[in-house]
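2 protein chains.
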Amino acid sequence: MDRFEANVQANQERFLAELQEFCRKPSIIAQGIGIEETADWVRDRLQGVGFDSQVIQVEGGAPVVYGEMGSGDKTLMIYNHYDVQPPEPLDLWDSGPFDAEIRDGRVWARGVSDNKGPWMARVQAIEAYQKEIGELPFRIKWIVEGEEEIGSPNLGRFVEENKELLAGADACLWEGGRRDGAGRPVISLGMKGIAYLGLSVSGASSDLHSMNAPIVGNPAWRLIWALASLKDENENITVDGLMDHVVKPTEEEWEYLRGIPFDEEESKQDFGINSFLKDATGPDVVKQLLFDPTCTICGFLTGYTGPGLKTVLPNQASAKVDFRLVPDLNPELVLRLVREHLDRRGFTDVNVELLAQLWPYRSPVEHPWVKASISVARDIFGAEPVVYPSSAGGGPMYQLCGTFGIPGISGGGVGNPNSNLHAPNENIYVEDYMRSILYTGHLINAIGSL
Amino acid sequence: MDRFEANVQANQERFLAELQEFCRKPSIIAQGIGIEETADWVRDRLQGVGFDSQVIQVEGGAPVVYGEMGSGDKTLMIYNHYDVQPPEPLDLWDSGPFDAEIRDGRVWARGVSDNKGPWMARVQAIEAYQKEIGELPFRIKWIVEGEEEIGSPNLGRFVEENKELLAGADACLWEGGRRDGAGRPVISLGMKGIAYLGLSVSGASSDLHSMNAPIVGNPAWRLIWALASLKDENENITVDGLMDHVVKPTEEEWEYLRGIPFDEEESKQDFGINSFLKDATGPDVVKQLLFDPTCTICGFLTGYTGPGLKTVLPNQASAKVDFRLVPDLNPELVLRLVREHLDRRGFTDVNVELLAQLWPYRSPVEHPWVKASISVARDIFGAEPVVYPSSAGGGPMYQLCGTFGIPGISGGGVGNPNSNLHAPNENIYVEDYMRSILYTGHLINAIGSL
Numbered sequence: 039m040d041r042f043e044a045n046v047q048a049n050q051e052r053f054l055a056e057l058q059e060f061c062r063k064p065s066i067i068a069q070g071i072g073i074e075e076t077a078d079w080v081r082d083r084l085q086g087v088g089f090d091s092q093v094i095q096v097e098g099g100a101p102v103v104y105g106e107m108g109s110g111d112k113t114l115m116i117y118n119h120y121d122v123q124p125p126e127p128l129d130l131w132d133s134g135p136f137d138a139e140i141r142d143g144r145v146w147a148r149g150v151s152d153n154k155g156p157w158m159a160r161v162q163a164i165e166a167y168q169k170e171i172g173e174l175p176f177r178i179k180w181i182v183e184g185e186e187e188i189g190s191p192n193l194g195r196f197v198e199e200n201k202e203l204l205a206g207a208d209a210c211l212w213e214g215g216r217r218d219g220a221g222r223p224v225i226s227l228g229m230k231g232i233a234y235l236g237l238s239v240s241g242a243s244s245d246l247h248s249m250n251a252p253i254v255g256n257p258a259w260r261l262i263w264a265l266a267s268l269k270d271e272n273e274n275i276t277v278d279g280l281m282d283h284v285v286k287p288t289e290e291e292w293e294y295l296r297g298i299p300f301d302e303e304e305s306k307q308d309f310g311i312n313s314f315l316k317d318a319t320g321p322d323v324v325k326q327l328l329f330d331p332t333c334t335i336c337g338f339l340t341g342y343t344g345p346g347l348k349t350v351l352p353n354q355a356s357a358k359v360d361f362r363l364v365p366d367l368n369p370e371l372v373l374r375l376v377r378e379h380l381d382r383r384g385f386t387d388v389n390v391e392l393l394a395q396l397w398p399y400r401s402p403v404e405h406p407w408v409k410a411s412i413s414v415a416r417d418i419f420g421a422e423p424v425v426y427p428s429s430a431g432g433g434p435m436y437q438l439c440g441t442f443g444i445p446g447i448s449g450g451g452v453g454n455p456n457s458n459l460h461a462p463n464e465n466i467y468v469e470d471y472m473r474s475i476l477y478t479g480h481l482i483n484a485i486g487s488l
Numbered sequence: 039m040d041r042f043e044a045n046v047q048a049n050q051e052r053f054l055a056e057l058q059e060f061c062r063k064p065s066i067i068a069q070g071i072g073i074e075e076t077a078d079w080v081r082d083r084l085q086g087v088g089f090d091s092q093v094i095q096v097e098g099g100a101p102v103v104y105g106e107m108g109s110g111d112k113t114l115m116i117y118n119h120y121d122v123q124p125p126e127p128l129d130l131w132d133s134g135p136f137d138a139e140i141r142d143g144r145v146w147a148r149g150v151s152d153n154k155g156p157w158m159a160r161v162q163a164i165e166a167y168q169k170e171i172g173e174l175p176f177r178i179k180w181i182v183e184g185e186e187e188i189g190s191p192n193l194g195r196f197v198e199e200n201k202e203l204l205a206g207a208d209a210c211l212w213e214g215g216r217r218d219g220a221g222r223p224v225i226s227l228g229m230k231g232i233a234y235l236g237l238s239v240s241g242a243s244s245d246l247h248s249m250n251a252p253i254v255g256n257p258a259w260r261l262i263w264a265l266a267s268l269k270d271e272n273e274n275i276t277v278d279g280l281m282d283h284v285v286k287p288t289e290e291e292w293e294y295l296r297g298i299p300f301d302e303e304e305s306k307q308d309f310g311i312n313s314f315l316k317d318a319t320g321p322d323v324v325k326q327l328l329f330d331p332t333c334t335i336c337g338f339l340t341g342y343t344g345p346g347l348k349t350v351l352p353n354q355a356s357a358k359v360d361f362r363l364v365p366d367l368n369p370e371l372v373l374r375l376v377r378e379h380l381d382r383r384g385f386t387d388v389n390v391e392l393l394a395q396l397w398p399y400r401s402p403v404e405h406p407w408v409k410a411s412i413s414v415a416r417d418i419f420g421a422e423p424v425v426y427p428s429s430a431g432g433g434p435m436y437q438l439c440g441t442f443g444i445p446g447i448s449g450g451g452v453g454n455p456n457s458n459l460h461a462p463n464e465n466i467y468v469e470d471y472m473r474s475i476l477y478t479g480h481l482i483n484a485i486g487s488l
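Going down the list, the sequences are from chains A and B.
Per this note's numbering, residue 39 is the first one in the first sequence, and the count goes up by one each step.
Per this note's numbering, residue 39 is the first one in the second sequence, and the count goes up by one each step.
If we strip away everything but chain A, and leave its shape as in the complex, we get (with noise of 0.2 angstroms):
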């Protein structure tokens, strides 16, 4: 791999200012910009450097580029996206989101991090492992979209209609990534679902005066008795069967929880709280963070919140909430169990509703492509990983890794700390940069010897 590396550094200026390319192009899906060029750009990269690629139109969505090349016993798929965050607020931005400017050894650009960083050094790494070592050993399956950053959602139904194209993959390389402050390389092997619900009430034609209360009754008090029996003052969620889905940590997740480094008292601080929940403490919060299921009040509101008071008897209440899933819980299935919990309490005038969802996945950690890309990640960052086995957030790891039951491998990211992902002064190291090309040589290296 000498001769992979050596051509990587010749190329550096070549490599960054073809980054500075990609990043000058915008395309932000939540304001349309710029989604169909890039998308055209992508395809004739991926085609540049020998894949058999193609963007395929999504009904209305943003289209997917997709391309095929290698052979072999061996496949590998990859997912990325070529959408980025808004760049608002531009005032706060030190040069401009688009610019791309290069200055004191870091990148600057909307989406240099999130996600067009990690996808063009994956595109290098392959030219250059091509050029130098030869033909890749397996099989690639590049899937690009172009919706990540408002929540994916056409990308399940992307992969539903393209089933026999996507089939067969061995693992799934993850989007990006990051190191931490130590320089450690950070992987993510997992990341939680949501199931969104609006739950809402009715009770008379009209909000009435208060005095009608001894008669009337209070769709505010149905929501929130309804409510109340759905998480304990433990803190403990008891929806009637929710947790008996929840699959606890192996012995070996535990151990890669207890090498995930946590200063409980500066995260106190962050959050001004003086205790964890459930008074957790050492590996347990971040067992509770990465592990347990939530059912979060994001909202509720119901009659007078003004100033001052007002005598008035609600005809309306709702209220969100935010179920953040983890195996092998599932969106649907957490709202058939709320239905019935709700129900056999006798709480069928309470309203129900869906209003987003995303399945959960943990990649199994004793897979050897998870190993391999570990053991990658710990050559060329030299540094211990620090493998998160789920993460807090949610994402669509599910629908890729999920449907074909395969890993999510990850660990050569070009993010920092300090990356500012969906942040103004979105940026990245051009060392990160050039590691992130030489980690994709390796792994495909390592990958091809497994």
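There could be a bad hint or two in this list.
Heads up, the list lumps identical chains together, so a pair's fine if it works in one copy or across two of them.
Claimed, not checked - The list that follows gives simulated cross-link-like pairs (lysine-lysine, DSSO-like), each with its CA atoms no further than 27 angstroms apart:
id, residue 1, residue 2
1, Lys-306, Lys-348
2, Lys-348, Lys-316
3, Lys-169, Lys-316
4, Lys-306, Lys-316
FYI, nobody ran anything at the bench for these hints, they're computed from the structure.
Using the hints provided, position chain B relative to the given structure of chain A.
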């Protein structure tokens, strides 16, 4: 009393003209219009009929007119108010709200039913009584306040500051009243009180992404659990000890309750509900409405409540809760009981504030002056009175009657079921007005004979 009645009949035109004159004076406390002038006019008119009357300034509030006349063992307190509700929306009035037009046998004016007509009728009754029958058979202490329509915020303090002046009455003739559609005089002997509480909980130092929910507490949950402990799903108030203070209806009160006409089907249709709370039917509905305390969520706000969704862990939650009070509850007691109840359950993080308060009051139905007022109403209206041992709404009856431990009496109201109190086209029938004058004269006579 024939000469009294003849005098009233002979003076009808003059009495009505004087009522019009009074109604043409806007005295809108919410808008600060005409308060001082109207108070002076009221004082002068009381002087004109022989009262030793004065305008008493109340610091930061509208002046109270106080008048005294008569002597003897017995003393009747009278309560009225000279302020009125704002007349808006003006375009819904068929004649000007301060024109006091007489049309189709009715007087149309803001305040004619609430509460200028009742006061004027009493003054004119006393005038005719003195002329035809002689001196008053007892002492009258008359309080005419100017802030009833904004909740009598200073009446309690006025009473406190003038306790010696006001003390010694045997009963208080309450402000007004009405007849029902069948011509039966409606008498109310009590009013509920209010403890309007503001509850709030704070969490992290700012709203957080809801992915942090496994480790950071949610004030919305805390408030929901706290509230759910105050009232159970069977609609029972479960605040420790609160219900122990609730006085049950006496057998005589039950008799009155059973006599109150209440069309269940019509009421359910009006409210747009299928059944009353606790599936009550028959006299139980009226009993609940008039004798049960309430704990009503008037408002609840936390987090994101707009369209769609936001995955937020709120750092603030607040609720407004209206307790309607019956004897022997009172606002300070309820505040203390709620506080202790929450503390006992570990909800020390729930802040509780008393936003508004009013003491409840119920007159003893067996008091001879109460019996006299009911009896006179029966005679004058020629129909069996509908006696409400308490009203469903609140009012300042406690501040006068409760403070001095005397019954509140009534029965000769000028209102009709369509008097449009607080609404456009407020009105009373001329016939009802004249009957109200007769009622007052006969009540004076009846009490004099006790």
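A quick look at each hint next to the structure:
no.: 1; hint: Lys-306 to Lys-348; verdict: between (38 angstroms within a copy, 23 angstroms between copies)
no.: 2; hint: Lys-348 to Lys-316; verdict: between (37 angstroms within a copy, 25 angstroms between copies)
no.: 3; hint: Lys-169 to Lys-316; verdict: neither (56 angstroms within a copy, 81 angstroms between copies)
no.: 4; hint: Lys-306 to Lys-316; verdict: within (14 angstroms within a copy, 46 angstroms between copies)
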